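Work out the full structure, taking the sequences as your base and the hints as a guide.
Each chain, letter by letter, is given below.
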Amino acid sequence: MATAQAALDDAPSAARETGVALVGLVVGVLVGYGLWAGFYLDNLHNGLLALTFTAVGLYVVRMRPGHRVGRLFAAVGVLQAGLFFGRQYARHEPRLPAADWLAWVAVWPVPLVIAIAGVAVMAFPNGRMLSRRWRRAAIVMVVLGILLSVASALWPIEDDWDRLVVEHPLQVVGASWAERTLWPVTVFLYLAFQVLWAAAVIARMRQAGAEEVRQLRWFVYAVAIALSLLLVGAVVWQTPLPGLITLSLIPVAAGIAIFKYRLYDIDPVINKSLVVGAMVLMITVGYVVVVVGVGALLPRSDPLLSLVATAVVALLFEPVRRRAQRLADRLVYGHRATPYEALAQLSAQLPQAPEGLLGGIAATVAKAVGATDVVVWLGDEREMVPAATWPDRAGENTATQAVALADLGIGPRTHLRPVVHRGRVLGAITVTKQAGESLSRAERQLLDDLVAQTGLVIDHQAQAAGLEAAARRIVTATDAARRKIERDLHDGVQQRLVTLGLELGGLAEGAAVAGNSDLAARAESARRQLLEATAELREMARGLHPSVLTQDGLEPALANLADRSPIPVRLRVSVAGRQSAEVEATVYFLISEGVTNAARHSGASLVEVVAKRDRDGLRVEVADDGVGGADPVAGSGLQGLSDRLSALGARLEVESPLGGGTRLRTVIPVGSPRPCSEGEAPCG
Amino acid sequence: MMIADDAVLFREGVARILADAGFEVVGQAGDGGALVDLVRHDPPDVAVIDLRMPPGHSAEGIEAAAEIRATAPKVGLMLLSQYVEAHHALRLMTEFDGGVGYLLKDRVSDLTAFGVDVRRVARGEVVIDPELVARLVARRRERDPLAELTERERELLGLMARGLSNIALAQEMHLSPKTIEGHVSSIFTKLDLPPDARGHRRVLAVLRFLRQE
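In the order they appear, the protein sequences are chains A and B.
Numbering of the first sequence is given in numbering that gives the first Met the number 0, commencing with residue 0 and proceeding in unit increments.
Numbering of the second sequence is given in numbering that gives the first Met the number 0, commencing with residue 0 and proceeding in unit increments.
The set of hints was computed from the structure by calculation and includes no laboratory data.
Worth double-checking, as some hints may not be accurate.
Selected chain A positions facing chain B (Cβ under 10 Å, derived; list incomplete) [as the list claims (entries may be wrong)]:
hint, residue
1, R486
2, D490
3, Q494
4, E523
5, R526
6, A561
Since this is a predicted model, take the numbers as computed values, not measurements.
Every residue, glycine too, gets a C-beta built ideally from N, C-alpha and C.
In structure tokens:
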């Protein structure tokens, strides 16, 4: 598994690191040598462009080797380094060997470089053209750039030849004609290229969402400034130089956008460097202030001061570190959270809404590693089913057949992480990225952390579900037991006592007829006592589990409760159809307890009861206008009811401010009303 | 008369006692279906029916009663139960055009009173258990309109709810029918009830009123 993952993740390989270093070295040497050779203001922009394009391009290539923007920027940087070096070399005094050929090499690619730089700008930030039409325009630009470069290689068309001390090394016929005709065409096309970039950037801004606009803003400023300076320079100042120099702002702005908004999910080291720097500064300053400052005031310089200094620094460390981290985050990421904040957020979600957690994990993983598709699977090695997806496909009809861990689709774009908790496979996460993108080291680390958290979450959920099911079983079993006792009483003892009463009644009648008034009176007395006993038994059975609830449902049972209540009850019950037995019993006992408490302790003059079905489930509310101050935990039956409710996935809210009455509230999640089926006992 | 109850001991006891009291028991059944068959064969004056019977131990007695009423409308229906519930009483008053009774099983042991009630049902009158009525009269209400009634009027209201006619009320209260009529119209005015309600409609009106919040 581990080796497969490593291969899939396409880690920054030694070959890539070497390549990046080599290209950087070549550009550095070319520019460095060029600078050493002399300073020429009109060639400065080529050096600047070489350094900035190369730096940003190579950084992106190193982190995201598949990303087109990185390659394009690096290509522009390398070509610019060539242009810079060739021109510096050609101007060297005394003249160096083959200066004319190096000048030639540094002049003819100019149109091509401008075209490629244009493609890089147009493709920023996602590496793709906005649409097929923009793509066609870019291709035309590159083709024209190649044609111009070929012409420029044949004839001295570029006005650069005027500034270079050397001559065009090729003596092809028609040089004067080419210079006369093609130079205006070249200048026109350069302008056209620039208009095209500007138009592409503007079009991208107009199509972008608010977030993307914020990310692109610096880049757009840089393009706008450079292009307007080029235009103003060409028309007013007769020199493109200020514009050419400001062109190097474009790769710089692109770099800022990449860092600041983590455009390619690159986790910059800048953040940590800033924090560490701030901390080093704080420790040093703190130490110096205490040891030097306080030491100067006090006439003693013993180890005590060092100790105090250390203590002060230790006390300040955490708050200052937090501030510095926040500042660094803001500088580097804008308002975005770090991947580790995402992790922390995920942990914070843990105790909440258990059913949405896996979806939350999928979304967090997707955001953290820039995936196009994330699936969280549940199951063991042999059978896995998708439990959550990002983007959310819950509404769609996807096949949910169980798949073995080994068969989960892994490909060049899809990465698999089994979720293992305490040595047991509980599920898996598959991450699909865009073609050509792979997981960076930071992303892989983050993914591993998230997978470890997911193990905890799944385990936690399984335990919670198990507990809830057990609690529900207990409630159901208790209710069933109570119902059975009520039924047994009804069919057994009560029936027999009533029959006995009948016998006693007959006995009294018979004795009266026979004239034995004493016996008649005694039998009648016994009958009356027996009736009192059966009445008492009836009330006990009702308290155990009212048969009217089982037989006819909540509405008549609650109306009955209101009939018997010692204080007035205002009932608002609308529960269409029957609910499950445990839900009905829980609602009944909750309302019964609320009404009893109100009558017994609160001095209330009225209890309002609401029980109604709505979208969320069965909403139950019992509110009295009594003295309030009820303790939901102490003594009263509320704790038991609260437990009962949690077994049904509901929560009991008790609001009882002193003097403000008592209000019990809950919403019990219930499915669609239970249909009445044949043979199923009580159905309204 | 006929008796339907799934508890054999109780059924036999009722049959014996009723026979002692001068009733002729012509059939016994263990559930609603058997009773309906018996009644169809040879309709009695009154059927005494247990409310909670097989198969569902729910309200099968009322279903059987409804079926009997549809096939043999002259048969008086006396429903017995371990519990008396207001919603069943209201249903009996709404769905049956008189000639029904609803009593606790306990009442059977007072043979004289039970005999009177059975005869009333046979005559097409209505009988409601006193325990149920007492519970409803004692029911606490937000603004209790019963507070406006005199002690005697309250007593009369309870008796009306049990199904007693004006003549029966006069006998029970030892008052002249004229005086009773005066009291009844006074009660109906105070409670804003329809004054022309007679028989089971009067019982229904009073029960409904007592059930108000």
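*Indices of hints not satisfied (ascending)*: No numbers; nothing is violated.
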